[in-house]
Amino acid sequence: MKPFAYQAPGDVVDAVRSVAEDPAAVYLGGGTNLVDHLKLGIVSPDLLVDVTSLTSAEITDGDGGGLGVGGLSVGAAVRNSDLAADPRVRERFRVLSQALLAGASGQLRNMATTGGNLLQRTRCVYFQNVSTPCNKREPGSGCSALAVPGRPAPTHDGAGWTRNHAILGASEHCVATHPSDMAVGMAVLDARVRVLGPDGERVIPLTELHRLPGDAPERDTVLEHGDLITGVELPPMRGRSAYRKVRDRASYAFALVSVAAVLDVADGVVRDVRVALGGVAHKPWRATRAEEQLRGAAPTPANFRAAIEAELTDARGVDGLDGGNAFKIPLAAATVTAVLRDLAASETGDPR
Amino acid sequence: MTEMLEHQAIGRGPARRDGVRKVTGTAPYAYEHPVENPAFCHPVQSTVGRGRITAIDTSAALALDGVLAVLTPDDAERLANTDDAELAVLQTHEVAFRGQIIGAAVAETSEVARQAADLVAVTYDQAPHDVVLSDSRDDLYRPDAVNGGFPTDSNEGDIEAALAAAEVTVTQTYTTAMYHQNPLEPHTTTARSEDGVLTLWDSTQGVHPVRKAVAKVLGLEPDAVHVVCPYVGGAFGSKGQLKANTVLAAMAARAVPGRSVRLALTRQQMFDVAGYRTPTIQHVTLAANRDGTLTGIAHDVVEQTARIKEFAEQTAVSTRSLYAAPNRRTSHRLAALDVGVPSWMRAPGECPGMFGTEVAMDELAQELGMDPVELRVVNDTEIDPDSGKPFSSRNLVACLREGAQRFGWADRDPAPRSRREGNQLVGTGVASSVYPVYRMPKSTATVRFSGGRYVAEIGAADLGTGTWTSLAQIAADALGADLASVEVRIGDTRYPEASVAGGSSGMTTWGSAVVEAARAFRAKFGADPSDGDEVEAAVQANPATDDYAMFAFGAHFVEARVDADTGEVRVPRMLGVFAAGKIINARLARSQFLGGMTMGLSMALHETSVMDPRFGHVVNHDLAEYHITANADVGEIDVGWLDEHDPHVNAMGSKGIGEIGIVGAAAAVSNAVHHATGVRVRELPITLDKLLG
Amino acid sequence: METELTLRIDGQDHHLTIDTRTTLLDALRERIGNTSAKKGCDHGQCGACTVLTDGRRTLSCLTLAVTQGGAEITTAEGLGQDGGLHPVQQAFIDHDAFQCGYCTPGQVCSAVGMLAEYADGWPSAVTEPGTTAELDHDEIAERMSGNLCRCGAYANIVPAVQAAAPRREGTNAGGAR
Ligand SMILES: Cc1cc2nc3c(=O)[nH]c(=O)nc-3n(C[C@H](O)[C@H](O)[C@H](O)COP(=O)(O)OP(=O)(O)OC[C@H]3O[C@@H](n4cnc5c(N)ncnc54)[C@H](O)[C@@H]3O)c2cc1C
Ligand code: SF4
Ligand code: FES
Ligand code: FES
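As given, the protein sequences belong to chains A, B and C, one line each in that order.
Start counting at 1 in the first sequence, then tack on 15, and there's your number in the numbering used here.
Start counting at 1 in the second sequence, then tack on 26, and there's your number in the numbering used here.
Start counting at 1 in the third sequence, then tack on 14, and there's your number in the numbering used here.
Keep in mind that the hints were calculated from the coordinates and are not lab data.
We put the CB at the ideal spot given by N, CA and C, even for glycine.
Careful: at least some of the hints might be erroneous.
[What the hints assert, rightly or not] Below, a sample of chain A positions facing chain C; criterion: calculated Cβ distance under 8 Å:
#, residue
1, G81
2, L82
3, V84
4, N125
5, M126
6, R304
7, E306
[Stated by the list, open to error] To spell it out: a stretch of chain C is covered by chain A in this simulated footprint if at least three of its residues, at any positions, have a beta carbon under 8 Å from a beta carbon of chain A; those stretches are:
#, segment
8, 52-62
9, 97-106
10, 117-131
[Said to hold, decoys possible] Counterexamples of contact, computed for chain C against chain B with all Cβ distances above 10 Å:
#, residue
11, T20
12, R43
13, D68
14, G69
15, G83
16, D110
17, H151
18, A155
19, N161
20, R164
21, I171
22, P180
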């Protein structure tokens with residue numbers, strides 16, 4: 016770890032300008048991802064700017080802010096545990112509370128911030144190990160999760176350990192996934208991210224914040240250096256929602272596949288449905304094709320399955336070590352079907 | 027027959043004597059021993075799987091403020107003895123495996139030491155490495171013996187003929203993964219070289235074995251090495267033999283004489299240099315009559331070792347003594363790879379081996395349409411089939427019967443996939459467990475009367491096993507004294523020599539030494555000793571081993587629930603019933619069994635070190651990706667034991683309990699998952715992808 | 015880069031000049047000489063370094079010491095009152111909820127923080143949405159899952175925490191399992 020300076024400024028605009036001007040400056044939230052990466056040598060900034068004092072730690076009702084009744088505005092410094100426990104979040108956005116609670120551990124959620132959670136980086140084991148090539152960490156060095164030229168793998172087609180890797184939207188340069196549970200929960204809520212850059216404030220739909228790797232896997236999001244996330248807006252939601260996370264351990268493990276869903280059934284047909292998948296792509300994956308197919312259809316398990324299978328037609332596994340990750344395709348289909356089935360079955364209960 | 031102790035303190039369940047220190051965090055582990063102005067050492071590791079170091083540039087590291095020394099093969103001290111290549115740290119420019127220690131930085135702070143280590147620039151002449159274990163390799167070899175000194179192979183009768191003649195057979199391949207012990211306390215040392223004495227506060231399973239091994243490597247008199255370790259934050263075999271990190275810490279201390287140096291391996295480094303359990307490929311063959319009687323058992327194992335040093339896990343050895351059958355064969359073959367050196371891990375041999383055997387027994391029961399408990403009962407034996415000696419006590423059947431009753435086994439519908447509750451497929455499984463009674467040849471204890479109290483001293487270790495407490499119970503009974511009047515001192519080479527804490531031998535060996543010393547003390551000084559009276563005595567060989575085979579036995583029962591949609595496995599209920607002689611401390615013994623069973627559950631469902639053949643290292647080398655059971659994975663665990671009286675094992679009547687809890691547990695889980703789903707998982711771990719759709 | 019800082023640990027102020035890189039865990043263990051919090055992984059993956067920061071459980075290995083000026087840090091060493099043990103600590107001893115003891119100070123701090131979260135009505139991943147949780151086996155196990163125990167003492171940790179939990183009026187917390 017290289018030495019660095021530390022600042023906890025109070026003035027947001029000044030802070031954004033100073034970070035924007037210094038390519039080696041970074042923001043520090045709860046530190047649960049950044050400090051980890053400092054130790055691993057993945058990043059070596061020369062200045063850390065603490066945003067926990069820069070951005071709001073408040074959750075406010077959205078009525079005043081043009082969000083509409085039932086909406087919420089979440090400051091970037093709100094800790095994951097406070098967001099999950101907030102009675103308004105539990106009441107109005109069950110899927111988000113559940114997604115947060117499915118992530119990390121009690122201690123980590125007490126530390127992790129809303130802004131930092133969105134910008135946490137992939138858990139790809141090659142990204143996290145500076146002694147292995149990785150296009151995301153070091154553009155052009157190669158992707159160790161995929162086959163590495165000159166490094167034959169005697170047991171399979173040459174790829175690495177891909178259990179945590181993508182089945183949708185990957186590229187030949189990177190097959191990493193975004194690890195956040197919270198972001199998947201927010202993706203079905205049509206959340207919007209408030210960003211303050213050197214040129215002022217803008218609002219980005221959450222589903223457009225993260226990008227697919229394409230030929231620039233070093234860029235996780237559409238943000239530019241110096242952009243500060245100041246908060247997240249949650250518009251009001253109708254229907255019932257749920258989050259389900261499938262993982263290799265009952266708790267304290269990242270998702271193999273996770274599913275966030277909102278289902279609104281009226282008169283025996285699906286009035287609205289929103290589905291997002293975690294653990295399968297470089298960003299929270301909104302299953303828009305499945306959603307379209309389901310709107311107006313009967314809420315039956317067969318329809319749910321057909322819709323998610325349509326969504327997954329382009330899904331591809333990587334034949335890596337330890338069996339690769341192709342199993343995630345049937346797993347994603349089964350999990351989405353199960354979540355929607357259970358939501359539909361409880362439609363008669365209280366409307367949430 | 028051994029003269030038995032009268033049990034007063036033994037058999038009760040006093041709380042841990044070190045409890046307050048542990049719950050407050052004030053018990054000092056090796057890294058934490060208070061020293062003046064410590065320096066810090068951080069290792070440099072190879073980034074190639076095999077090759078030769080052509081240049082090492084330390085200039086940037088040395089230029090950092092606060093760096094005291096940088097050690098490399100270019101200029102590190104020459105060790106006196108390099109026979110053990112694992113311990114010949116910084117003695118060669120050859121790289122034998124990826125992650126090998128090839129240098130170190132010593133600095134005023136841990137941050138600077140680590141930064142300096144990162145700044146050491148190494149260039150290599152890289153050679154192709156080979157790290158892939160497979161049973162089709164053409165260079166598999168037969169080691170001279172396997173761990174524990176057991177013969178590599180065994181062969182009795184004619185297994186092929188038995189197979190040909192058998193009414194029912196099972197022939198399958200089972201694999202267990204590469205496992206890392208991952209004690210929660212990393213491998214750590216605080217070292218100081220001063221006035222001709224090297225002091226090591228080292229996290230180890232045995233201070234005396236460390237002293238001996240370090241003295242040999244450095245060419246010192248054992249007296250010039252002082253090793254201290256009152257508390258160990260878990261070990262599970264990985265701190266049983268001297269490893270490169272402790273040698274490096276000693277070398278670093280000798281490079282800055284008079285200064286104490288602290289070295290803690292990072293969790294990631296532990297995956298490279300702190301030992302592991304070899305993956306195993308096990309071919310198991312069972313031949314049986316329709317009534318379930320086994321006519322043949324074969325267990326042929328392929329596993330790995332390091333090219334620089336051999337360690338041959340005794341995976342098939344337990345199969346030699348478990349069930350009777352006239353035709354029997356076991357074998358072990360090794361692949362020597364460019365990998366770190368495998369080592370002991372909780373129940374080496376029995377733990378992986380009984381996975382193969384006990385899943386095969388379940389498959390046989392299924393073939394026969396026989397209850398798996400009954401199949402094991404039918405094949406019970408009073409005579410150890412391997413040695414031909416009678417067992418000093420063998421209560422496997424009693425464990426199975428008691429367990430079946432407690433678990434509610436009788437209500438079980440034997441058909442696989444026959445029970446569904448909501449969205450969950452429910453099944454139950456059983457497996458046997460076995461572990462030998464070991465007694466180490468050497469251990470000595472002192473008993474002294476001082477200030478109105480008895481003090482027993484022995485250089486033994488408490489890995490969390492409860493030695494601080496249970497040795498006091500033994501000493502109290504051997505002296506016929508009140509438990510409160512006995513103090514025990516362990517974990518320091520100032521106390522008499524004790525064997526390593528391994529093979530569940532601690533209580534048998536050290537306990538026997540303490541009994542000898544206590545009896546000698548009473549014989550010499552009577553019931554009313556004077557202040558300062560002292561006796562030293564050593565453990566004796568047990569002549570009864572000539573006449574008896576000595577083992578502990580047990581039975582595991584497991585309920586598994588598998589999500590019908592996702593294949594996620596949960597184990598809400600485990601039961602272990604053990605016959606392990608006299609239980610010295612009921613409270614601590616229960617914890618030991620629980621711990622073993624929990625680790626067995628972890629092995630069954632989660633653990634696997636994923637070796638990437640392209641690079642030659644374990645890629646999931648941390649606790650986020652090498653999953654061990656978390657609290658939420660563990661349901662209800664019920665532990666029971668039989669009141670077993672065995673007059674042959676030792677004066678306490680006790681057998682070891684540290685390892686038997688893990689043996690067979692993973693097989694019971696796999697058998698339960700099969701019963702739940704109809705899917706037979708022969709390759710550990712049982713992850714959901716193996717059960718999907 | 016060095017900086018000056020006052021850390022308040024277990025009720026006592028410590029004035030330090032430290033490297034900005036120093037984590038709270040290393041500040042405790044390597045500068046202040048308080049080794050109650052343990053280092054098991056140094057990356058937030060085990061919970062051994064858990065301390066209470068202004069009463070909330072956090073991981074000291076992922077906390078930079080420079081961010082902690084003004085915070086009230088409590089380690090397992092400072093939990094007890096008047097030289098006695100905290101009820102959670104006593105329950106750990108009574109239930110033999112540890113073996114090697116290396117995860118234990120972290121488990122204890124985590125349990126204390128968790129019981130406060132529970133008292134504040136916080137849900138967990140296994141809480142039925144829309145309900146208030148009973149502190150049964152599954153709730154405690156899930157809430158304590160950020161603390162790994164390689165010795166496998168979980169089956170004793172859960173009842174220990176349950177025993178130390180303050181009883182709520184009119185509930186039978188402490189019931190199941
Ligand atoms: C062992 C472990 C297990 C975990 N398990 C899970 C899990 O199961 N599910 C899950 O979702 N997460 C998991 N996490 C990840 C955890 O949720 C994230 O580390 C956390 O949310 C990051 O938030 P933070 O505030 O600590 O971010 P930091 O570490 O402070 O920052 C992360 C990144 O965001 C940048 N940043 C921070 N705040 C802002 C801002 N306001 N504007 C712009 N940039 C900013 C930082 O510069 C940095 O690049 C786990 C983490 C660990 C260590
Ligand atoms: S998948 Fe992406 S993050 Fe992982 S090694 Fe390849 S490029 Fe790097
Ligand atoms: S040391 Fe902090 S979580 Fe492991
Ligand atoms: S008691 Fe040893 S790790 Fe928990």
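How the hints compare with the structure:
A cut of 8 Å between beta carbons decides the hint on G81/A: the least distance to chain C is about 29 Å, and the hint is violated. For L82/A, the interface hint is violated, the least distance from its beta-carbon to any beta-carbon of chain C being 23 Å, above 8 Å. A hinted interface residue such as V84/A counts as satisfied when its beta carbon comes closer than 8 Å to some beta carbon of chain C; here the least separation is about 21 Å, so the hint is violated. Taken as an interface hint, N125/A checks out: its beta carbon lies about 5 Å from the nearest beta carbon of chain C, inside 8 Å.
Taken as an interface hint, M126/A checks out: its beta carbon lies about 5 Å from the nearest beta carbon of chain C, inside 8 Å. With a least beta-carbon distance of about 28 Å to chain C, the hint placing R304/A at the interface is violated under the 8 Å criterion. Interface restraint check: E306/A against chain C, minimum CB-CB distance 23 Å, threshold 8 Å, status violated. Only residues whose beta carbon comes within less than 8 Å of a beta carbon in chain A count, and the segment 52-62 of chain C has 4; three or more means the coverage holds.
Coverage of a stretch by a chain is defined here by at least three residues with a beta carbon nearer than 8 Å to that chain's beta carbons; for the segment 97-106 of chain C and chain A the count is 0, and the condition is violated. Note: the segment 117-131 of chain C has 4 residues with beta-carbon separation from chain A under 8 Å; the three-residue rule is met and the coverage holds. With a least CB separation of 19 Å from chain B, T20/C remains clear of the 10 Å interface cut-off, as annotated. Not every Cβ of chain B is farther than 10 Å from the Cβ of R43/C; the closest lies at roughly 7 Å, contradicting the non-interface assignment.
At the 10 Å boundary, the C-beta of D68/C stays outside the reach of chain B, the nearest C-beta of that chain being 20 Å off. At the 10 Å boundary, the C-beta of G69/C stays outside the reach of chain B, the nearest C-beta of that chain being 18 Å off. For G83/C, the shortest C-beta to C-beta distance to chain B comes to about 19 Å, beyond the 10 Å cut-off, and the non-interface label holds. Residue-level check failed: D110/C sits 5 Å from the nearest beta carbon of chain B, not beyond 10 Å.
Non-interface status of H151/C relative to chain B is broken: a Cβ of that chain comes within 10 Å, the nearest being about 8 Å off. Distance check for A155/C against chain B: the nearest CB is about 4 Å away, which does not clear 10 Å, and the non-interface claim fails. N161/C, annotated as away from the interface, has a beta carbon of chain B within 10 Å; the closest lies near 7 Å. R164/C, annotated as away from the interface, has a beta carbon of chain B within 10 Å; the closest lies near 5 Å.
Non-interface status of I171/C relative to chain B is broken: a Cβ of that chain comes within 10 Å, the nearest being about 7 Å off. Every C-beta of chain B lies more than 10 Å from that of P180/C, the closest at about 19 Å, which supports listing it as non-interface.
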